[in-house]
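Could you build all of it, start to finish, from the sequences and the hints given here?
What follows is the residue order along each chain.
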Amino acid sequence: MKKKILILGGGQSALYAARETRRNDEKVSITILGEEKQLPYERPPLSKDYLLNKKNEEDLVFNNSKILDDKKIFYINTNIEKVDFNTKTLVSNNEKEYRYDILLIATGSENNKLKLDNNLENEIHYLRNLEEAKIIKKKIENKNNIVIIGGGFIGLEIASSLSQLNKKVTLIEIGNQLMGRIIPKPIADLVKHTHEAAGNKIILNKQILQISKFNENYKILLSDNSELEADFIIAGIGSKPSVSLFENTDLKLDNGIVTNEFCETSIKDVYAAGDVSNFYHPLYKQYIRLESYQHAQNHGICAGKNISGLKTEYTSIPWMWSDQFNLNLQLTGICENFDEIIERGKNIENGIIYFFLKNKSIKGACGLGVAGKVGRDIRITTKLAEKNVMVDKRILGDESQKLNKLISK
Amino acid sequence: MAEENWIEVGSIDSIEEEDLIRFDHGDKTFCVYRLTDGFYATDGYCTHEVVHLEDGLVMDDEIECPMHQGVFNIKSGEALSPPACEDLKTYPVKVDNDKIFIKID
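Quick mapping for you: the protein sequence lines, in order, are chains A and B. Under numbering that gives the first Met the number 0, the residues of the first sequence are numbered 0 to 408, in order. Under numbering that gives the first Met the number 0, the residues of the second sequence are numbered 0 to 104, in order.
Hints listed in this document are in silico derivations from the structure and should not be mistaken for laboratory results. Glycine residues also receive a C-beta, built at the ideal position from the N, C-alpha and C atoms. Just to be clear, a hint being listed does not mean it is correct.
Said to hold, decoys possible - Subject to a maximum C-alpha distance of 30 Å in a straight line, what follows is the list of computed DSS-like cross-link-like pairs (lysine-lysine):
| # | chain 1 | residue 1 | chain 2 | residue 2 |
| --- | --- | --- | --- | --- |
| 1 | B | Lys27 | A | Lys70 |
| 2 | A | Lys401 | B | Lys88 |
| 3 | A | Lys47 | A | Lys184 |
| 4 | A | Lys166 | A | Lys136 |
| 5 | B | Lys74 | A | Lys304 |
| 6 | B | Lys27 | B | Lys74 |
| 7 | A | Lys304 | A | Lys1 |
| 8 | A | Lys53 | B | Lys93 |
| 9 | A | Lys401 | B | Lys93 |
| 10 | B | Lys88 | A | Lys404 |
| 11 | B | Lys74 | A | Lys404 |
| 12 | B | Lys98 | A | Lys70 |
| 13 | B | Lys98 | A | Lys382 |
| 14 | A | Lys205 | B | Lys88 |
| 15 | B | Lys88 | A | Lys382 |
| 16 | A | Lys54 | B | Lys27 |
Unchecked claim - Among the chain B residues that face chain A by a calculated CB cut under 8 Å, a handful are:
| # | residue |
| --- | --- |
| 17 | Gly25 |
| 18 | His51 |
| 19 | Gly55 |
| 20 | Leu56 |
| 21 | Asp59 |
| 22 | Glu63 |
| 23 | Met66 |
| 24 | Gln68 |
| 25 | Val70 |
| 26 | Asn72 |
| 27 | Pro81 |
| 28 | Pro82 |
| 29 | Cys84 |
Next comes the structure, spelled out in structure tokens:
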């Protein structure tokens, strides 16, 4: 009998784990069980090029579906409702059983939902998957007074796209800056100014007290008792790992599925990768959970290697980006627990970067610039953080000096 | 016979080793690279989204897009790492009298 690899979840981690497993082992059977009808697709464009009609549904599917056919990887659209780790069986909502020898859980994460004390909860829109993006795209066609709740990456990216579609946009953020405290305040302020210059209204430090409906419009009561009107509401208020299926099982959970550096969970022959995994990072010597494109891909690949018997530690340095208007923000490494910050660059046309150092070594950086302008230096930062090398701070802070020279061969 | 379409880019000293420069010609834009074993040229824009590779990082034979880290082989143009999945067009390069030329179709 062929060894059966089941991958639960049909996103980026699932796809890359499947491909890597196949690359290392021609013989095993590999099946992805995904909740969505679509083959694994790229999520970053959903809030940007897809809303802006620059990319359509087919453009989003990962390097087209041929990858799955060519590599003999099966994709089944199903909803799994039960898992039995003792008998190594998953059961779908239509009672179909799937047996595995090795299971990879890559169920990703799901949106936090706004809690309202009336029946309007279902009228608040969220954007995580293609179906939700499709609905938003269709419904906003005749809307022009849109409120976005939450000033994180997703809310801001949607705000940027809607502004480019000439919609009136108001974004409400509970915190005192956009994108959370991990982003340096000057960068958060530059992003705010860019939105405002494009006509978006940004409201900080306000909570939503109540949402009510009159005719076809909404009234939003804020914590300072001011009121806003909207004809459409989108919320992006964070997310949580998708682990409800495992809540009454022996699988160890703590802010996601607890996973070691080899993507192994607390149960033998069960692995986890991507957003759902709270994994041990050997370089940082702590557990971290990440939600990003690069992590979904690399963690999936690492799981694929380990599933194939190639014991491989996951040591990838976190990296993520956000595109808003013509700006590209990038974040790499760990941008907390530093003892020094160094600034490089003076304007977004050429890029501004804040480097975070601890004991004279770079731990992370956050940069903002017109598309592409901070990428090279952020990438070099990642490499320096990987090697944990001490750096010459004068070079870091001097825009006229290329950072390439800091990477020793 | 018509002269082949070799266009002068500049002096070989205009590019540091393991680095690149942007080169615009007419309405086209290119990247010209200096690797340890010679000079190479590709289209200027990443095949994933319209961003110029001039701000990308050259490592060995690879250029990495500065926006989303798609990676291409500079010599073959092959897309090596997502989100890039479409290959980058490459162009022949020659050096004559310490000057770099690229052949544009």
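Exercise for the section: Could you tell me which of the hints above the structure violates, numbers in ascending order? Expected result: Going through the list in order, the structure violates hints 1, 8, 12, 13, 14, 17, 21, 25 and 26 and respects the others.
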